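The end of the sequence shown is residue 82 by the working numbering, with every number in the run present.
Check before you lean on any hint, since a few could be wrong.
[Stated by the list, open to error] For each label pair, taking beta carbons as the anchor points, the in silico distance ranges come out as:
1) LYS75 x ALA28: 11 to 21 Å
2) GLU10 x ALA44: 29 to 39 Å
3) LEU11 x ALA53: 29 to 39 Å
4) GLU7 x ALA35: 15 to 25 Å
5) ALA32 x ALA56: 31 to 41 Å
6) ALA44 x ASP9: 35 to 45 Å
7) ALA71 x THR51: 36 to 46 Å
Rather than coming from a laboratory, the hints here were simulated on the basis of the structure. Just so it is clear, the structure is predicted and the values come from calculations on it, not from any experiment. Glycine is no exception: its CB is placed at the ideal position from the N, C-alpha and C atoms.
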Amino acid sequence: MELDELKRTAANNEALRRAADSADAQALAARFDGRRAEAALKAGDTAALEALLRQVLATPEGRRLADTVKHAVDRNG
Numbered sequence: 006m007e008l009d010e011l012k013r014t015a016a017n018n019e020a021l022r023r024a025a026d027s028a029d030a031q032a033l034a035a036r037f038d039g040r041r042a043e044a045a046l047k048a049g050d051t052a053a054l055e056a057l058l059r060q061v062l063a064t065p066e067g068r069r070l071a072d073t074v075k076h077a078v079d080r081n082g
């Protein structure tokens, strides 16, 4: 792996870590039951995962968090 790629990866990881620790992420964690997502992942239930993602993105916090992650990844390449 080249040095530039390592730097981008580190920057993405840090940006994602900050997003996960944000007030928006904490509000979403309190609002949604993570066990549903875990069960859907284990079962390979993409319809349930899509429904959960739609619910998350329907909230102001979910939209802000998705936007934060998108910008961080776009900025870091």
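**Prompt:** Against which earlier hints does the structure fall short, listed by number upward?
**Reply:** Numbers 4, 5, 7, in rising order.
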